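There are 2 protein chains.
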Amino acid sequence: MMKKIILMTSLLIVNVCGAANTTDISWRKLDPKHTILMTLSQGKVVIELAPQFSPKHVAQFEQLTSEHFYDETTFYRVIDGFVAQAGPKEDSEKDKSVPILKVEDQWQTNKDFLFTKVQSNDLYAQQTGFSNGFAIAHSAKEQKAWLTHCPGTLAMARESGADTATSHFYFVIGQAPRYLDRLMTVFGRVVYGMEHIQSIKRTSTIEGEVAIDSRDHTKIIAMQLMSEVPKEQQIILEVEDTESDNFAKRLVKRRNRENEFFYNKPPPVLDVCQISVRSRMLNKEIKK
Amino acid sequence: MMKKIILMTSLLIVNVCGAANTTDISWRKLDPKHTILMTLSQGKVVIELAPQFSPKHVAQFEQLTSEHFYDETTFYRVIDGFVAQAGPKEDSEKDKSVPILKVEDQWQTNKDFLFTKVQSNDLYAQQTGFSNGFAIAHSAKEQKAWLTHCPGTLAMARESGADTATSHFYFVIGQAPRYLDRLMTVFGRVVYGMEHIQSIKRTSTIEGEVAIDSRDHTKIIAMQLMSEVPKEQQIILEVEDTESDNFAKRLVKRRNRENEFFYNKPPPVLDVCQISVRSRMLNKEIKK
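Chains as they are written, first to last, in our numbering: chain A, 69 to 356; chain B, 69 to 356.
Honestly, the hints are just simulated from the structure, not real lab data. Just so you know, not all the hints are guaranteed correct.
Copies of the same chain look alike in the list, so a pair counts if it fits in one copy or across any two.
What the hints assert, rightly or not - Within a straight-line C-alpha distance of at most 30 Å, the following computed DSS-like cross-link-like pairs (lysine-lysine) qualify:
| # | residue 1 | residue 2 |
| --- | --- | --- |
| 1 | Lys124 | Lys97 |
| 2 | Lys209 | Lys333 |
| 3 | Lys287 | Lys157 |
| 4 | Lys333 | Lys124 |
| 5 | Lys101 | Lys209 |
| 6 | Lys170 | Lys333 |
| 7 | Lys333 | Lys97 |
| 8 | Lys333 | Lys212 |
| 9 | Lys179 | Lys333 |
| 10 | Lys299 | Lys97 |
| 11 | Lys170 | Lys321 |
From a predicted model like this one, the values you see are computed outputs, not experimental measurements.
Let's have the full structure, built from the sequences with the hints guiding it.
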């Protein structure tokens with residue numbers, strides 16, 4: 069099975085290569101009150117929200133979700149390698165009915181601020197790491213921390229002004245656009261079904277190509293709080309505990325890359341957005 | 069149209085925001101002899117090969133393509149956020165029939181080595197940039213350069229040893245795994261239809277989830293050299309000339325982010341894998 073395969077770097081495939089063991093993972097339960105089930109025609113997506121970091125955005129998103137606000141809305145701005153953005157019809161009554169949010173783009177820390185460190189002095193931040201499953205960045209000098217834009221990040225869209233977000237949101241679907249950090253409110257992350265986000269229909273075109281009709285935009289069949297989904301339809305997930313020793317050990321291993329596959333040793337660095345935080349499903353065997 | 073949208077960062081959508089103009093782009097024709105048309109059930113993908121950087125891998129890949137070697141092969145190892153890998157059935161006669169390649173993971177430069185510079189001292193390299201449309205990295209100290217793993221990169225898979233690649237290949241579909249640089253032979257890049265690569269069926273699962281049956285793996289309907297495709301079925305593309313002044317100007321603009329949308333100024337840095345090299349279609353209007 070090791071033939072012609074490039075080195076396994078994700079626990080998704082440990083059963084194949086035997087390089088790691090799922091018993092070495094510390095798990096954490098998701099809170100169904102802060103977990104979203106989004107149903108697309110291509111499959112189900114689970115999102116963990118971040119009330120501890122972006123409380124107002126999460127509260128509004130949960131409120132709208134509870135009211136079935138997002139059901140039947142579409143991904144109307146989908147740019148390959150960048151973002152998939154959804155929301156109600158521009159300037160509709162529904163669109164204008166939603167309160168404006170004050171941006172939650174970073175938070176104050178102090179010298180005792182604790183998180184699981186990943187990398188010092190990457191291109192964009194003094195320090196990167198994880199906190200409660202989320203990729204974060206930190207400036208000790210400024211005593212500020214923020215959720216960082218990685219693939220699978222959920223953030224609220226806005227107009228030019230900082231405090232202009234309402235209900236439109238986007239998922240990052242390409243190389244981390246970290247220049248948007250501290251400029252947008254990140255408030256969740258995809259923990260299951262990212263491939264379905266990746267197969268949302270692109271709406272942008274290159275010169276010479278005809279765009280898809282807006283009637284063919286990918287539609288959200290349903291957006292629900294997991295706690296409001298009937299028990300038998302819930303997807304019960306646990307996610308890797310990024311505060312655990314096991315997770316810290318995995319980071320060390322990943323940085324050092326002690327494997328004969330690496331005949332040239334890569335630099336001992338880690339891109340915080342290139343580290344997947346694992347999930348596992350507890351309640352049922354869902355066919356991919 | 070600017071309502072509720074996050075800032076445009078790609079020319080894909082310049083017509084919407086008016087922030088750039090397609091007349092400011094210098095274009096370069098693809099050589100159909102070194103261009104691949106890959107047909108999947110979900111759509112057509114165009115790949116530019118890199119004979120100037122990885123001549124032996126490109127020659128072998130072109131030879132196999134001409135012989136219809138890849139038609140009906142499947143993507144049997146597809147890990148969300150990482151790679152989509154294809155090739156013939158493991159250890160089949162077809163698989164074993166292919167000559168082994170010597171790795172082409174980097175090349176010698178000299179003090180006069182010229183390329184379009186993007187960033188000094190990012191996490192993985194002394195210098196990043198572009199050469200002939202490809203994202204590269206360079207060490208002036210070692211006088212070595214290499215094609216760097218970005219989303220859309222095409223590279224040859226291998227076993228543990230350096231010189232073990234034959235015909236199995238992969239596309240990068242997630243955050244750039246740049247720790248694989250100088251360890252794998254990168255030999256092409258997707259210039260059209262990346263969304264179809266992104267919708268290749270994932271074969272890896274999380275704990276508790278049932279994998280798809282191998283009969284449902286995404287199949288390559290046809291892999292052809294563009295020069296061998298009947299004229300009326302060819303997709304004629306031009307790509308942005310990364311050696312042009314216009315491209316260099318765009319990099320400067322992107323780094324500085326002079327737009328009111330950026331109420332906090334991001335660090336003046338650029339991730340080479342976060343810069344898209346544009347394409348345009350010349351011959352016909354293909355519906356997305």
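Against the structure, the hints:
1. Lys124 <-> Lys97: within (23 Å within a copy, 50 Å between copies)
2. Lys209 <-> Lys333: between (32 Å within a copy, 17 Å between copies)
3. Lys287 <-> Lys157: Result: close within a single copy only, 12 Å intra versus 37 Å inter.
4. Lys333 <-> Lys124: between (45 Å within a copy, 24 Å between copies)
5. Lys101 <-> Lys209: For Lys101 and Lys209, neither the intra-copy (35 Å) nor the inter-copy (54 Å) Cα distance is at most 30 Å.
6. Lys170 <-> Lys333: between (46 Å within a copy, 19 Å between copies)
7. Lys333 <-> Lys97: Intra 36 Å, inter 37 Å, cutoff 30 Å: neither.
8. Lys333 <-> Lys212: between (34 Å within a copy, 15 Å between copies)
9. Lys179 <-> Lys333: between (35 Å within a copy, 24 Å between copies)
10. Lys299 <-> Lys97: For Lys299 and Lys97, the Cα distance is within 30 Å only inside one copy (16 Å; across copies 56 Å).
11. Lys170 <-> Lys321: Intra 40 Å, inter 29 Å, cutoff 30 Å: inter-copy only.
Comparing the model with each numbered hint stated earlier shows that hints 5 and 7 do not hold.
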